[in-house]
Amino acid sequence: MRALARSHDLQCLSGQYESRRSALQHEPPVSVFQKLAQDTKSHHDLNVNPIVRTAATARNPACARWYPIRDHILQTLFSGRCTPLARAAVRLAFHDAATFSLARQAAGQPNGGADGSMLTDPAEVQRADNNGLQGIVAALAPLPARYNVSAGDIVQVAGTLAVIVCPGGPRVRTFVGRAPPPTIPAPDGLLPSTHAAVPVLLARFADMGFSVRDTMALMGAHSTALQQFVAAADANKTLDSTPDIWDVHFYEQTLNGTADPARVASLPSDVAFAGHESTKRAWARYVRDQDDWDEDYARAHLKMSLLGQETRGMVECTEVLPPKIELGSLGQDDGGEGQGEVDEGRLELGMGDVEDRLAGVPVLVVVHRPECGALVRGVGASLGSQAELAPQRYRHH
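Residues 517 to 913 (this note's numbering) are what the sequence shown spells out, left to right.
These are computed hints drawn from the structure, not numbers from a lab. Don't take every hint at face value.
[What the hints assert, rightly or not] Restricting the straight-line Cα-Cα distance to at most 25 Å, the calculated cross-link-like pairs of lysine to aspartate or glutamate (DMTMM-like) are: (1) K796 - E811; (2) K796 - D807; (3) K796 - D776; (4) K796 - D723; (5) K796 - D808.
[Stated by the list, open to error] Label pairs and their in silico Cβ distance ranges: (6) K796 - P584: 40 to 48 Å; (7) A751 - Q642: 14 to 22 Å; (8) L618 - R575: 29 to 37 Å; (9) A751 - R662: 32 to 40 Å; (10) T699 - G791: 40 to 48 Å; (11) A623 - I567: 41 to 49 Å; (12) A713 - A623: 23 to 31 Å; (13) A572 - A713: 52 to 60 Å; (14) D807 - E832: 20 to 28 Å.
Quick caveat: nothing in here was measured; it's all calculated off a predicted structure. We put the beta carbon where it would ideally sit given N, CA and C, even for glycine.
All chains, full assembly: derive it from the sequences and hints.
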């Protein structure tokens, strides 16, 4: 197996999943969503042989309405790939939720949370903190009325779909049933700044209910991010060398500064987290440990998606998520330089498992990309009859 090259070449892998289907404010019971987020077994089992369902085969009838929404988001908005719009959806899910404050809740002050206010308040998306989110907000804003669901549910479901559409991204437990956002604006000035000191950042995340470990896990979403507004000289640089896959190169490259500075620019807060006495141990735990990060990230993302929400009466619709795109040990053993070896056997096995689960279900398809030089497996345009392709080495040029 040849070594992987740099990040811009990983777009071939990110395109292997293609969509083919045509088709307020409440006081949050913190203990409830913390219990959900700490359910280790449920998070581990989310990625074990998931069944791809349609509205006709929905396990929970209350989730049936979410299948056409899923298909619209995956196909029409994300084109089945880890696109800039998908990446923006992950960021939007955080920015919408991160206006929540435990201190404001305790004081009885107006609060924010994962309520979808970013879709309903035209002024909120224009805040400087939210630069770059205008495109995804415009794409998602019509969906609550079109499908008769809440804005908060659309934002958070789009976020979990965006994670899973990026190769390697974990399935995150997904709940629906959020109340409409309040008519008053979400609090301003609460989103963490990349230029803030580590103690200030940790205090702000703690005010949302996140531990240090939660916070470091959430930072890993930068694995697929671009820097656009922090430093003009570094605009459109990625934050690690593999921005098209959801992996842990980000942690090691930020810690050691091993990525190519011509293409990669670390955020000041990420560099600070990697080296600060209070956070460096939690940061280092994810270096070359994809499984540990996936599990911790899934828990933290779940907690984030429920900030400011009354969870009683909400419905779990994780069943609508497609299978995880397994990477095996893709790029794990490379000293953090984005040039590791692909575990061809594990990657091929993972793709084979996906094919089996997708047979006859017109939702997603693994495709052969000849322009990439090679891909492990593919299925035909019709998922009902799979077309076998010879496993080949995945080589970047």
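**Request:** Mind listing which of the numbered hints don't hold for this structure, in increasing order?
**Result:** none
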